[in-house]
Amino acid sequence: MELHIQNLHFSHGDTPIIRNVSCSFFPNTFYGILGPNGSGKTTLLDLISGFLIPDRGQVLLDKTDISALTPKKIAQALSLVSQNYYINFPFSVEEVIMMGRHPYIDRFAHPCQTDMDRVSQVMDITGISHLKHRKITELSGGEKQRCIFARALCQDTPVLLLDEAFSNMDINHTLHMLGMIRERIKRTKGTVLCVLHDLNLAAAWADEILFLKSGTIQAKGKTSDIITQENIEQVFNVNSKVEFNEYVQAKQVYFKTV
Amino acid sequence: MEQNRNWESVAPGGGTISAKHPEKSVSAAMAADGWFKAMVVLCSFVLLGMILISLSMGYLSIPIPEIARILGNKLFGILEIATPLEETFAAVIFDVRLPRILTCAAVGAALSVSGVLFQGILLNPLADPYTLGVSAGAAFGASIAILLNLGATFVSTPVFAFAGACATLFFVVYLSYSPSSKGIASGLSSNSLILSGIIVAAILSAGISFLKFIANEQVSVIIFWLMGSFASKTWINFGVVFAFLVMGFLIAICFARDLNLISLGDRAASSLGVDIKKITLLLLITGSMLAAVCVSVSGIIGFVGLLVPHMVRFVTGPDNRKLLPLSMIVGAFLLLFADTITRAVLPHEIPIGILTALTGGPVFCWIFKRSRLR
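Chains as they are written, first to last, in the working numbering: chain A, 950 to 1207; chain B, 1022 to 1395.
Bear in mind the hints are in silico, worked out from the structure with no lab data behind them. It cannot be assumed that every hint is accurate.
No farther apart than 25 Å at their CA atoms in a straight line, the calculated lysine to aspartate or glutamate pairs in the DMTMM-like style are these [claimed, not checked]:
#, chain 1, residue 1, chain 2, residue 2
1, A, LYS1205, A, GLU1192
2, B, LYS1298, A, ASP1066
3, A, LYS1081, A, GLU1132
4, A, LYS1022, B, ASP1296
5, A, LYS1169, A, ASP1011
6, A, LYS1135, A, GLU1044
7, A, LYS1093, B, GLU1087
8, A, LYS1012, B, ASP1296
9, B, LYS1299, A, GLU1092
10, B, LYS1299, A, GLU1087
11, A, LYS1169, A, ASP1119
12, B, LYS1058, A, ASP1064
13, A, LYS1135, A, GLU1113
14, A, LYS1012, A, ASP1174
15, A, LYS1169, A, ASP1014
16, A, LYS1081, B, GLU1370
17, A, LYS1162, A, GLU1195
18, B, LYS1299, A, ASP1119
19, B, LYS1058, A, GLU1044
20, B, LYS1298, B, ASP1340
21, B, LYS1298, A, GLU1192
22, A, LYS1138, A, GLU1087
23, A, LYS1093, A, ASP1174
24, A, LYS1084, B, GLU1087
25, A, LYS1021, B, GLU1238
26, A, LYS1084, B, ASP1340
27, A, LYS1135, A, GLU1087
28, A, LYS1012, A, GLU1044
29, A, LYS1093, A, ASP1073
30, B, LYS1299, A, ASP1066
31, A, LYS1084, A, ASP1066
32, B, LYS1298, A, ASP1073
33, B, LYS1058, A, GLU951
34, B, LYS1390, A, GLU1087
35, A, LYS1081, B, ASP1054
36, B, LYS1298, A, ASP1156
37, A, LYS1021, B, ASP1116
38, A, LYS1162, A, GLU1132
39, A, LYS1190, A, ASP1174
Every value quoted in this text rests on a predicted model; they were computed, and no experiment measured them.
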């Protein structure tokens, strides 16, 4: 599924958050979206997922404007792991993950065997089967994030939007999830848009990088072309050293300790 | 899109893939389902038992076999009524007790359903049907009706109360709606709804105080109305509440799964395909209408809508598909229990609103403190 954004513009009151952004996202690709705080990363994902409606411009899913789709259709095409995963009600982990099947279950139907198999399969591969009967409200931040991530996987959408989905996970789980994402892209020709802050993780895992600053795209392209000292200085205003790392088999960024 | 539906996965980096037992998880789910159904049936029988006991208790004590005989005669035309005493019993049951008891049960059920809806929409397990000031609006409407002496015909006070509640609801929604939030986002954040509700309720209660101040001789009527009562309820009262209850419950159960998702927050719900703008508003209106009709018929009865869903959630968990039906039955039972105590056990009937607040309040404090300590 191709995703095109055309002249997207969005403002909160008088403050523009996204300014005239146009770009395209293609299948079989892991996009890393990076940028300073307040550069509009979350807003961009909200606009793509249809949670917010742009002032101008449009989001096209395979040539269909997403404002023409029902919420259910959108949910079958796009899944979102949002930054805010706070849950107030003590649903069990299994219930929360079953909610990922919501777009496929009719209003009065019960989850069918496929849904239940999918849920237990996803819990297995994300390594949260042992939390199955625990209440989501009692889990740690990282565990909760893994559950929300599993819920999005369960949604089986061609496009996956991740908004700092690993911010509370330890490095082991982060690598595990990233590995699963790459695996999934390869198998399903899916598209992943991943907002993250760690330049080195992005450099190692993303196929393409999109640098966002004050609501505009500063740079976009193949990861190895985009991760450069100049771009990083321009976007984040920090000095760095970028070089290819043998162990990682990718470019890595080093920062000076002041 | 179809290709994505059946991908098999291998966990990278030594992930845990264990042998799966789908048939096991299905049977577990079915067992949980059966257990829930058994709970519903059991609670329904307890409620029916409570209705019978409540029918037999009162100034005139009627033995339960007599009640069975009279009900059998009037409802099904079997068993005959022989003595004049039984005629009296029949009159007491059908003209006095049954309307009151059924109205009371319906109000308890409706308040509980309304409470579940509000707690889900406002993302807050501690919200209640009166959070949005519906009760204050109804009370204001009723006070005006009483003050202007419109209460002579039996409908006008409830009608005014209902109008007051509706007007308040729409004002609160108008106040908290932010048109600047563009998109699927409902534009009705739970914080702004709660805040608007508090402000409007505060203004209205000052208004009620003012009405009481200028009311002279009717002041006691206003005060008594505000405290809530099921005394001298009619079949019409029951019919109105029951009709709203049936409608409200059907709407609520129809969108129960969406409500589950809404209670996780706007963004999660919308990304999972819930039309939050439409459904939030629909459920908000449903919950408020239920609360409004209850307050109009029986005055302000607090804590039922807060406490019942909260207690039932300990048993069923937060899944609204189970929470709604069970809360409805438990709510009907508890309010009927309280009303039977004040009607038939206590030496003087005290207003039901006071009784529920005096007993429900401390119970709530206890539950709340216990959950803080965990």
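Hint by hint, here is what the structure shows:
Using a Cα cut-off of 25 Å, the hinted pair A/LYS1205 and A/GLU1192 holds, with the two alpha carbons roughly 14 Å apart. For the suggested pair B/LYS1298 and A/ASP1066, the alpha carbons sit about 32 Å apart, so the restraint of at most 25 Å is broken. Taken as a hint, the A/LYS1081 and A/GLU1132 pair is honoured in the structure, with Cα atoms around 24 Å apart against an allowance of 25 Å. Restraint check for A/LYS1022 and B/ASP1296: the C-alpha separation of about 11 Å stays at or below 25 Å, so the hint holds.
As the CA atoms of A/LYS1169 and A/ASP1011 are separated by approximately 21 Å, the hinted pair is consistent with the 25 Å bound. Of the pairs offered as hints, the one joining A/LYS1135 and A/GLU1044 is violated, with about 29 Å between alpha carbons and a cut-off of 25 Å exceeded. Using a Cα cut-off of 25 Å, the hinted pair A/LYS1093 and B/GLU1087 is violated, with the two alpha carbons roughly 59 Å apart. For the hint linking A/LYS1012 to B/ASP1296, the alpha-carbon distance of about 22 Å falls within 25 Å, and the restraint holds.
Our distance criterion of 25 Å between C-alpha atoms is broken by B/LYS1299 and A/GLU1092, whose separation comes to about 32 Å. Of the supplied pair hints, the one linking B/LYS1299 and A/GLU1087 is violated, its CA atoms being roughly 31 Å apart against a limit of 25 Å. A threshold of 25 Å between alpha carbons decides the hint, and for A/LYS1169 with A/ASP1119 the separation of about 28 Å lies outside it, so the pair is violated. A threshold of 25 Å between alpha carbons decides the hint, and for B/LYS1058 with A/ASP1064 the separation of about 22 Å falls inside it, so the pair holds.
Distance restraint check for A/LYS1135 and A/GLU1113: the Cα-Cα separation of roughly 22 Å lies within the 25 Å cut-off, and the hinted pair is therefore satisfied. For the hint pairing A/LYS1012 with A/ASP1174, the CA-to-CA distance comes to about 29 Å; that exceeds 25 Å, so the pair is violated. Our distance criterion of 25 Å between C-alpha atoms is met by A/LYS1169 and A/ASP1014, whose separation comes to about 23 Å. Straight-line distance between C-alpha atoms of A/LYS1081 and B/GLU1370 comes to about 50 Å, which puts the hinted pair past the 25 Å bound.
For the hint linking A/LYS1162 to A/GLU1195, the alpha-carbon distance of about 30 Å lies beyond 25 Å, and the restraint is violated. At most 25 Å may separate the alpha-carbon atoms for a hinted pair to count; B/LYS1299 and A/ASP1119 exceed this at roughly 39 Å. With a CA separation close to 19 Å, the supplied pair B/LYS1058 and A/GLU1044 stays within the 25 Å bound. A threshold of 25 Å between alpha carbons decides the hint, and for B/LYS1298 with B/ASP1340 the separation of about 21 Å falls inside it, so the pair holds.
Using a Cα cut-off of 25 Å, the hinted pair B/LYS1298 and A/GLU1192 is violated, with the two alpha carbons roughly 49 Å apart. With a C-alpha separation of about 36 Å, the suggested pairing of A/LYS1138 with A/GLU1087 is violated against the 25 Å cut-off. Of the supplied pair hints, the one linking A/LYS1093 and A/ASP1174 is violated, its CA atoms being roughly 35 Å apart against a limit of 25 Å. For a cut-off of 25 Å, the pair hint linking A/LYS1084 to B/GLU1087 is broken: about 50 Å separates their Cα positions.
Taking the CA atoms of A/LYS1021 and B/GLU1238, the gap is about 59 Å. The hint is violated against a cut of 25 Å. A hinted pair counts as satisfied when its Cα atoms are at most 25 Å apart, and A/LYS1084 with B/ASP1340 qualifies at roughly 12 Å. For the suggested pair A/LYS1135 and A/GLU1087, the alpha carbons sit about 35 Å apart, so the restraint of at most 25 Å is broken. For the given pair, A/LYS1012 sits about 34 Å from A/GLU1044 by alpha-carbon distance, which is inconsistent with the 25 Å threshold.
In summary, the hint linking A/LYS1093 to A/ASP1073 is supported, as the alpha carbons are separated by about 15 Å, within the 25 Å threshold. In summary, the hint linking B/LYS1299 to A/ASP1066 is not supported, as the alpha carbons are separated by about 32 Å, beyond the 25 Å threshold. For the suggested pair A/LYS1084 and A/ASP1066, the alpha carbons sit about 21 Å apart, so the restraint of at most 25 Å is met. Between the alpha carbons of B/LYS1298 and A/ASP1073 the distance comes to roughly 35 Å, so the proposed pair goes past 25 Å and is violated.
About 46 Å separates the Cα atoms of B/LYS1058 and A/GLU951, which puts this hinted pair outside 25 Å; it is violated. Using a Cα cut-off of 25 Å, the hinted pair B/LYS1390 and A/GLU1087 holds, with the two alpha carbons roughly 18 Å apart. For the proposed pair A/LYS1081 and B/ASP1054, the alpha carbon gap of about 17 Å is at most 25 Å, so the pair holds. Note on B/LYS1298 and A/ASP1156: the hinted pairing is violated, with a Cα-Cα distance of about 36 Å set against a maximum of 25 Å.
Straight-line distance between C-alpha atoms of A/LYS1021 and B/ASP1116 comes to about 51 Å, which puts the hinted pair past the 25 Å bound. Our distance criterion of 25 Å between C-alpha atoms is broken by A/LYS1162 and A/GLU1132, whose separation comes to about 30 Å. For the proposed pair A/LYS1190 and A/ASP1174, the alpha carbon gap of about 15 Å is at most 25 Å, so the pair holds.
Consistency note: the structure conflicts with the earlier hints numbered 2, 6, 7, 9, 10, 11, 14, 16, 17, 18, 21, 22, 23, 24, 25, 27, 28, 30, 32, 33, 36, 37, 38.
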